[in-house]
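**Q** In case you want the letters, here they are:
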Amino acid sequence: MWDYTEKVLELFHNPKNQGLIENTEESGLAVVYGEVGSIACGDALRLHLKINIEQDSILDARFQTFGCTSAIASSSALTELIKGLTLDQALRITNQDIASYLGGLPEAKMHCSVMGQEALEAAIYKYRGIPLVSHADDEGALICSCYGITDSRIRRIVIENGLTTAEQVTNYIKAGGGCGSCLVNIDDILATVLTGQEKSIQVATELAHQKDVSKDAPKTLTNIQKITLIQEVLQEDIRPFLMADGGDVELYDVQGELVLVHLKGACDSCSSRNETLKGAIETRLRAKVLPTLIVQAI
Amino acid sequence: MPSCLYLDNNATTQPDPEVVATMLPYLTELYGNPSSMHTFGGQVGKAIQEAREQVAELIGATATEIIFTSCGTEGNNTAIRAAIAAQPERRHIITTQVEHACVINLCKHLEKQGYTVTYLSVDQRGQLDLMELEAALTGNTALVTTMYANNETGTIFPIEQIGALVKSYGATFHVDAVQAVGKIPLNLKNSTIDLLTLSGHKLHAPKGVGALYVRKGYRFRPLLLGGHQERGRRAGTENVASIVGLGKAAALELREMPEATKREAKLRDRLEKGLLKTIPDCQVNGDIKNRLPNTTNIGFKYVEGEAILLSLDKYGICASSGSACTSGSLEPSHVLQAMGLPYTILHGSIRFSLCRYNTEAEIDRVLEVMPGIIQRLRDLSPFSSDDVAWLQDRQEALLVNN
Numbered sequence: 001m002w003d004y005t006e007k008v009l010e011l012f013h014n015p016k017n018q019g020l021i022e023n024t025e026e027s028g029l030a031v032v033y034g035e036v037g038s039i040a041c042g043d044a045l046r047l048h049l050k051i052n053i054e055q056d057s058i059l060d061a062r063f064q065t066f067g068c069t070s071a072i073a074s075s076s077a078l079t080e081l082i083k084g085l086t087l088d089q090a091l092r093i094t095n096q097d098i099a100s101y102l103g104g105l106p107e108a109k110m111h112c113s114v115m116g117q118e119a120l121e122a123a124i125y126k127y128r129g130i131p132l133v134s135h136a137d138d139e140g141a142l143i144c145s146c147y148g149i150t151d152s153r154i155r156r157i158v159i160e161n162g163l164t165t166a167e168q169v170t171n172y173i174k175a176g177g178g179c180g181s182c183l184v185n186i187d188d189i190l191a192t193v194l195t196g197q198e199k200s201i202q203v204a205t206e207l208a209h210q211k212d213v214s215k216d217a218p219k220t221l222t223n224i225q226k227i228t229l230i231q232e233v234l235q236e237d238i239r240p241f242l243m244a245d246g247g248d249v250e251l252y253d254v255q256g257e258l259v260l261v262h263l264k265g266a267c268d269s270c271s272s273r274n275e276t277l278k279g280a281i282e283t284r285l286r287a288k289v290l291p292t293l294i295v296q297a298i
Numbered sequence: 001m002p003s004c005l006y007l008d009n010n011a012t013t014q015p016d017p018e019v020v021a022t023m024l025p026y027l028t029e030l031y032g033n034p035s036s037m038h039t040f041g042g043q044v045g046k047a048i049q050e051a052r053e054q055v056a057e058l059i060g061a062t063a064t065e066i067i068f069t070s071c072g073t074e075g076n077n078t079a080i081r082a083a084i085a086a087q088p089e090r091r092h093i094i095t096t097q098v099e100h101a102c103v104i105n106l107c108k109h110l111e112k113q114g115y116t117v118t119y120l121s122v123d124q125r126g127q128l129d130l131m132e133l134e135a136a137l138t139g140n141t142a143l144v145t146t147m148y149a150n151n152e153t154g155t156i157f158p159i160e161q162i163g164a165l166v167k168s169y170g171a172t173f174h175v176d177a178v179q180a181v182g183k184i185p186l187n188l189k190n191s192t193i194d195l196l197t198l199s200g201h202k203l204h205a206p207k208g209v210g211a212l213y214v215r216k217g218y219r220f221r222p223l224l225l226g227g228h229q230e231r232g233r234r235a236g237t238e239n240v241a242s243i244v245g246l247g248k249a250a251a252l253e254l255r256e257m258p259e260a261t262k263r264e265a266k267l268r269d270r271l272e273k274g275l276l277k278t279i280p281d282c283q284v285n286g287d288i289k290n291r292l293p294n295t296t297n298i299g300f301k302y303v304e305g306e307a308i309l310l311s312l313d314k315y316g317i318c319a320s321s322g323s324a325c326t327s328g329s330l331e332p333s334h335v336l337q338a339m340g341l342p343y344t345i346l347h348g349s350i351r352f353s354l355c356r357y358n359t360e361a362e363i364d365r366v367l368e369v370m371p372g373i374i375q376r377l378r379d380l381s382p383f384s385s386d387d388v389a390w391l392q393d394r395q396e397a398l399l400v401n402n
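Protein sequence lines correspond, in order, to chains B and D.
At position 57 of the first sequence (counting the first as 1) the number is 57 in my numbering, and the numbers step up by one without a gap.
At position 272 of the second sequence (counting the first as 1) the number is 272 in my numbering, and the numbers step up by one without a gap.
These are calculated hints, taken from the structure and not from any lab test.
Even for Gly, the Cβ is constructed at its ideal location relative to N, Cα and C.
Mixed in with the good hints, there may be bad ones.
Stated by the list, open to error - Cβ-Cβ distance ranges computed for the label pairs, FRET-style: (1) D:L27 <-> B:Q197: 49 to 57 Å; (2) B:A191 <-> D:L276: 51 to 59 Å; (3) B:A191 <-> D:S3: 46 to 54 Å.
Kindly generate the complete structure, drawing on both the sequences and the hints.
**A** Structure below.
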């Protein structure tokens, strides 16, 4: 029996936003839908969006899902997450956000949350007239022929979710779950990603272990050194504490001395988020990277 | 939480209260080792002997032909390995595409070790083609291993016809009868079967016990080596309480089976007819002319199995499914796939399997709630007909629609 959270079961038995959105003649509004999956795979999602053209935002979202409990719950969760967001904000929703909203999914069911993210992309890209074929994930060599998954897609899932084993990759996007002959190749991809990450952590660690910067004149860091160091500090010093309380932080961009972050999960709706932002994150980054950094949430 | 309405008896059965009562003394006062010299242990040996006779009587065998095992998987592993050890110069095995995982995975393992294995196909009803079997049989065939009845669809294979063919080539004939014993009458006395597996927990005995029938005179080599238990054919201190339980369960089956299976078949038929009548776009999977009396496997189009099971779970109704999401791997049931069923049916297949405890009222309840469950999931689903372009390739589904 899958170990489902109360939230997953609640959304399964009483889903929000099920159904479709009829095309509208109303001016200023657009209706579009994106599809992903197939009956062959055993899960499929059609996501409907009603868009306010001028504000480029989502007025309403509905879903139709063929699939299991997690597929239905994930689809419903997604619609709740994106209502009111701009299209750009919606594109930043990850499968982790969907899983967090649900209070977590069994590992083997994570791919249901990935399906939600993909349907959203499909819908928005369709609305913007960008053919999905040019999506980065379809470039690259085909690794899993049973499920049609390329190496760039595997790489993206591994990096976004910090995966370390081929079994996890299968849980998230099904690659390797069919005949299993590509599992070796998935292992290879994991190895290259991890070595790459190790290199950047190495650089960041070396910088961090030099004298505490706040005592000296600010060192000049190149952009890449600064970003890598910021990522390392977030990963080592900050994320573990936030995650222990059900929250998280994600680096969005670094523009000069401005560090833009996403507060996620419990942090996003927390009354102490300013404390977290300034008292925890900014202080730490100023101590370990550059004393002039300013941290802002987006 | 409503009390359990249990319709998943092919997965496992409730131990009969009489069985449990018979077992208890062997878990409390009568704990001796049957191999010990003292009377305290020896008396336990007598109880095991009685259980052996009870199991033998259920399947028309003699007591010396029965070896107690821990489960069906052990029985199948033991039988297959004994068969290839009996004729080591023969390197070909024949089985089917719809066998239980323990048989298929063992055969795949043996392939890596140099055996050739033929996996016989099945038609849309899940039935074998005897001509395909005959074409596959050669003088190099060591073993033909098939199930008696399929756990998912209940389809029964023509065992004696298969046996006649197998014997004409001098190969061992092993039958996995885990689902058949206790549901259909068996008489091994006049059979071509050399080795037969049965499992306790499908017969209202506890989990952790089974039996392997080995025809008298068969050149058997054991799997588990060690002490001299089971006359040197299966080492390991006997699971006394469960063996005694299995014996009692076998005796009960012998007594109850004729009447019970008639009654179960009636209930099953009523359930099946009722579902087909009140729910559109569904069909029975399996060979309805040659089928276990307690099993019905129905495919509900356009909805997914795990979602159906969880909806049933809310009402305390227990069943199982062949969908990919319920399999633990990401592949749907290999049995339903081998039958060539379309995906619209495959992912939405539900198996209901009855036992002698099920009642009319329970069937009524299932008939009452299922239409609503299926309708709700169909309202959620983007599929409503077989014409949808999505039935095609996964890749196409990602392309932009115009």
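**Q** Which of the numbered hints above does this structure break?
**A** Of the numbered hints, all hold.
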